[in-house]
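I would like the entire structure built from these sequences, with the hints used as guidance.
Chain by chain, the residues:
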Amino acid sequence: MAPNASCASDKLRANGFYIVTDLTNLGVKAIRDGVASGEFTAREVATGFNAAIEAAAELNTFIVTTPEKALEAADAADTARAAGKPLGKMGGVPIGMKDLFCTAGTQTTAASHILEGFVPQYESTVSANLWNAGAGMLGKLNLDQFAMGSSNETSYFGPAKSPWRKEGSNTALTAGGSSGGSSSAVAARLCPAATGTDTGGSIRQPAAVTGIVGIKPTYGRCSRWGVVAFASSLDQVGPMARSVEDCAIMLGAMAGFDPKDSTSLDMPVPDWEAALDADLKGKKVGIPREYRMEGTPQDILDSWKQGEEWLKDAGAQIVEISLPHTKYALPAYYIIAPAEASSNLARYDGVRYGLRDLPDGSGLQDMYAATRADGFGDEVKRRILIGTYVLSAGFYDAYYTQAQKIRTLVAQDFEKAWGECDVILAPTTPSAAFGLGEMQSDPLAMYLNDVFAVPASLAGLPAMNVPAGLNSDGLPLGLQIVGKPFDEQGVLNTGLAIEQRAGFTARAEKWW
Amino acid sequence: MSVDKQTVTKIASLARIKMDDAECERMVPELNNILDWVDQLGEVDTSGVEPMTAVMPMAQRLRDDVVDADPLTGGGVRDKVLANAPAAEHGFFGVPKVIE
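Read top to bottom, the protein sequences are chains A and B.
Reading the first sequence from the start, the letters are residues 127 to 638 in my numbering.
Reading the second sequence from the start, the letters are residues 89 to 188 in my numbering.
Hints should not be assumed to be uniformly reliable.
To be verified - Not the full set, but computed from the structure, chain B residues with beta-carbon under 7 Å of chain A: (1) 128; (2) 143; (3) 161; (4) 168.
Stated by the list, open to error - From the derived model, a few chain B residues whose C-beta atoms are all more than 12 Å from chain A: (5) 153; (6) 155; (7) 178.
Simulated from the structure, these hints should not be mistaken for lab results.
Idealized CB from N, CA, C, for every residue including glycine.
As structure tokens, then:
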């Protein structure tokens, strides 16, 4: 259980010296409010997290650390406070930045070899929004290469490890993917919050297997400008933190219209934090019957049932709904996402940025092919090849057009469901965290990790993971809430109702 | 539908990824596993269904017809554009000779 802000500072004063690690137990709101009230300084907070990160190299969560940037932002917050200036929504809060966001002057790799050494000359809109809100950067977080993966094992820099282990076991577990560096770092208290991106579950699945909260907002809420592209019609940015309230605060700082992203939503950003309300009286929660898939482990089904009970207790009415095309969402995703990826990743050509492999005496075409062979990992190549194939002459209609039609059907399923319910409750993942290396030989088995997450992605809907409890191995399980377009508030409120009843305070025992 | 080694070689060439025979061979069953699995999409009757083009209803916006309206996406940043190029010469991207 994280001590509250006053506990931490009382300890400081009673002992007469800093126990900086205590501050690393605090979340976004506690840090922001503690800095604002003068309970502790932003520099003390940043120093504590910098030290925690340095001591946790074994988790492999960060590709690059930027302690000086965290301190610089902290000093700016402390100076602003001393001058009586407002501190911003994230004032004094240091965060981790998924290494998919371009950060001016700091290497951005997408966990790939082809972008190793790439130093953006500009700042992504979302990261700029966060810095403008007073946040500071602790470093760039590990991920699956180009966000393609569900275990972090496709990272060129080796996988981030989960801080969690099965009871009585030393086996290294996955922190999920693709935002596995983010989930591991937040769960291990290396940062109070981190950015994630979600194309087909990449925020929700890692959040679920590490016992943290993560929300993917409605498609278009957060700008994609400056985010390394994977599948542009699906990519969305969102926050990962340890409480629903912290996610609401951080999402508020990230979101907003951006004319530089042609798919950015031109809508006002609601004050999600202020409107948080766990009273669900009059709300209907849909339970999609097609998500009760054969072979789903009992602990997942039990936690789903428990979630229903919690929401009933919060005043909601439970209704069974049908999303008939659920089964086809994942295979449709594995046509659409690779198709878009094959197009997006055509830019890595060894000419404008990143790696160049120019074998002796070779021409331009050989250089392209050699650079891409050397620079992309196996999973990225596999997806580019699938994408190229399904878009190629003669196969386009059978694969790509059919998949886009099915995407329409999946979205229509949700539209119909909104006639019967306000939010949908489902499991986030089909299992708890698996061991690193366990699934690597079978790409298809790995893809199935996102079976519950992908339908909401195809429909562009807001969806979040909230921790529900631990299974019999002592590993976290999560519940997923899916909402109507633009109704992040409904999703957050339902999440809050679960959070209050789940009382999830478990944390991984420190072994690193 | 399934792919053979010849098809994989062709796709790899289209995708500009250098792959030798052994790699293409290895990729055949991997890709076929995935393609066999996505083939189930053929079961769905999609007659009369429009393929999705935009997941949220959006109108294409036009920016003002002004040079450098937004400095972040405007011009005049040649050095920044070239800053990460593996070979930049005389203010241009350098590539191997393409004309004999």
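Comparing the hints with the structure gives:
1. With its C-beta approaching chain A no nearer than about 6 Å, residue 128 of chain B sits inside the 7 Å limit, and its interface hint holds.
2. For residue 143 of chain B, the shortest C-beta to C-beta distance to chain A is roughly 4 Å, which falls under 7 Å, so the interface hint holds.
3. The criterion of a C-beta within 7 Å of any C-beta in chain A is met by residue 161 of chain B, whose closest approach is roughly 6 Å, and the hint holds.
4. Taken as an interface hint, residue 168 of chain B checks out: its beta carbon lies about 4 Å from the nearest beta carbon of chain A, inside 7 Å.
5. Every CB of chain A lies more than 12 Å from the CB of residue 153 of chain B, the least distance being 14 Å, so the non-interface label holds.
6. A cut-off of 12 Å between C-beta atoms confirms that residue 155 of chain B is not in contact with chain A; the least separation is 16 Å.
7. No beta-carbon of chain A is positioned within 12 Å of the beta-carbon of residue 178 of chain B; the least distance is around 15 Å.
Hint compliance for this structure: no hint is broken.
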